[in-house]
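Student: Please model the complete structure; the sequences and the hints are all you need to start from.
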Amino acid sequence: MSRSHGPSLRKQRITLSKCPDCLGRAVVKEVFYELPCGLCNASGWVSAIKGEPLPLEELVTQLGLRVHELEQQVDRQRPLRTTGPSDQYETNNRRGAGGTNFTGD
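Be aware that the sequence shown starts at 42, since it is given in the numbering used here, and climbs by one per residue.
Don't take each hint at face value.
Each computed SDA-like pair below joins lysine to any residue, with the alpha-carbon atoms no more than 25 Å apart [said to hold, decoys possible]:
1. K59 - E71
2. K91 - L111
3. K91 - Q103
4. K59 - L106
5. K52 - T132
6. K59 - E99
7. K52 - E75
8. K91 - L76
9. K59 - Q113
10. K52 - L76
11. K59 - K91
12. K91 - P77
13. K91 - V101
14. K91 - S49
15. K91 - V68
16. K59 - V108
17. K52 - D116
18. K52 - E99
19. K59 - E112
20. K52 - E110
21. K91 - P61
22. K59 - E75
23. K52 - E112
24. K70 - S43
25. K52 - P126
26. K91 - F73
27. K59 - L95
28. K59 - G79
29. K91 - V69
30. K59 - N82
31. K91 - G79
32. K52 - A89
33. K59 - I90
34. K91 - T102
35. K52 - I90
36. K52 - P96
Since the hints were made in silico from the structure, they are not lab data. None of these values were measured; they are calculated from a predicted model.
Tutor: The structure is reproduced here in structure tokens:
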């Protein structure tokens with residue numbers, strides 16, 4: 042147990058799970074139409090530990106943290122910039138007269 046003085050400087054991350062009623066769709070299918078899910082406040086997400094809906098302010102914060110984390114994962118998996126024939130024309134190779142770019146055209 043660590044000691045700390047004052048409030049935490051970072052927002053605690055709450056693990057979320059899909060709503061058991063709407064299965065993460067945010068709507069419940071009735072006989073003829075769909076209604077917003079009452080268990081998860083029409084978000085599709087509930088607290089994984091307690092199974093209760095989060096307050097709307099907390100839900101927005103937690104979903105924002107989750108989106109930011111997923112964007113970082115996508116950026117890490119994205120391949121680096123590929124090089125091709127156009128790179129020869131975009132960079133200076135200092136082979137021309139007076140150190141200018143020579144492309145061979």
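Student: All hints are to be evaluated individually against the structure, with a verdict given for each.
Tutor: Tested hints:
Straight-line distance between C-alpha atoms of K59 and E71 comes to about 19 Å, which keeps the hinted pair within the 25 Å bound. Taking the CA atoms of K91 and L111, the gap is near 24 Å; set against the 25 Å cutoff, the hint holds. Of the supplied pair hints, the one linking K91 and Q103 holds, its CA atoms being roughly 15 Å apart against a limit of 25 Å. For the suggested pair K59 and L106, the alpha carbons sit about 16 Å apart, so the restraint of at most 25 Å is met.
This hinted pair does not check out: K52 and T132 have alpha carbons roughly 45 Å apart, beyond 25 Å. A threshold of 25 Å between alpha carbons decides the hint, and for K59 with E99 the separation of about 16 Å falls inside it, so the pair holds. Restraint check for K52 and E75: not satisfied, since their Cα atoms lie roughly 35 Å apart, outside the 25 Å limit. With a C-alpha separation of about 24 Å, the suggested pairing of K91 with L76 holds against the 25 Å cut-off.
The hinted pair formed by K59 and Q113 meets the criterion: a straight-line CA distance of about 22 Å does not exceed 25 Å. For a cut-off of 25 Å, the pair hint linking K52 to L76 is broken: about 32 Å separates their Cα positions. Between K59 and K91 the alpha-carbon distance is near 12 Å, which keeps this suggested pair within the 25 Å criterion. With a C-alpha separation of about 21 Å, the suggested pairing of K91 with P77 holds against the 25 Å cut-off.
About 18 Å separates the Cα atoms of K91 and V101, which keeps this hinted pair within 25 Å; it holds. Between K91 and S49 the CA atoms are separated by roughly 22 Å; this keeps the pair inside 25 Å, and the hint holds. Of the pairs offered as hints, the one joining K91 and V68 holds, with about 21 Å between alpha carbons and a cut-off of 25 Å not exceeded. With a C-alpha separation of about 16 Å, the suggested pairing of K59 with V108 holds against the 25 Å cut-off.
Restraint check for K52 and D116: satisfied, since their Cα atoms lie roughly 23 Å apart, inside the 25 Å limit. For the suggested pair K52 and E99, the alpha carbons sit about 10 Å apart, so the restraint of at most 25 Å is met. With a C-alpha separation of about 20 Å, the suggested pair K59 and E112 falls inside the 25 Å cut-off, and the hint holds. Distance restraint check for K52 and E110: the Cα-Cα separation of roughly 14 Å lies within the 25 Å cut-off, and the hinted pair is therefore satisfied.
Using a Cα cut-off of 25 Å, the hinted pair K91 and P61 holds, with the two alpha carbons roughly 12 Å apart. For the hint linking K59 to E75, the alpha-carbon distance of about 18 Å falls within 25 Å, and the restraint holds. Of the pairs offered as hints, the one joining K52 and E112 holds, with about 18 Å between alpha carbons and a cut-off of 25 Å not exceeded. Of the supplied pair hints, the one linking K70 and S43 is violated, its CA atoms being roughly 47 Å apart against a limit of 25 Å.
With a CA separation close to 47 Å, the supplied pair K52 and P126 exceeds the 25 Å bound. A distance of roughly 32 Å separates the Cα atoms of K91 and F73; the hinted pair therefore is violated under the 25 Å criterion. Distance hint between K59 and L95 is fulfilled; the C-alpha atoms sit about 12 Å from each other, no more than 25 Å. Note on K59 and G79: the hinted pairing holds, with a Cα-Cα distance of about 14 Å set against a maximum of 25 Å.
With a C-alpha separation of about 21 Å, the suggested pair K91 and V69 falls inside the 25 Å cut-off, and the hint holds. For the hint pairing K59 with N82, the CA-to-CA distance comes to about 12 Å; that is within 25 Å, so the pair holds. The straight-line distance between the Cα atoms of K91 and G79 is roughly 16 Å, inside the 25 Å bound, and the hint therefore holds. Taken as a hint, the K52 and A89 pair is honoured in the structure, with Cα atoms around 17 Å apart against an allowance of 25 Å.
Between the alpha carbons of K59 and I90 the distance comes to roughly 12 Å, so the proposed pair stays at or under 25 Å and holds. In summary, the hint linking K91 to T102 is supported, as the alpha carbons are separated by about 18 Å, within the 25 Å threshold. Distance check on the hinted pair: K52 and I90 sit about 17 Å apart at the alpha-carbon level, within 25 Å; holds. Among the hinted pairs, K52 with P96 is consistent with the structure: their alpha-carbon atoms are about 15 Å apart, no more than 25 Å.
Of the numbered hints given earlier, the model fails hints 5, 7, 10, 24, 25 and 26; all others are met.
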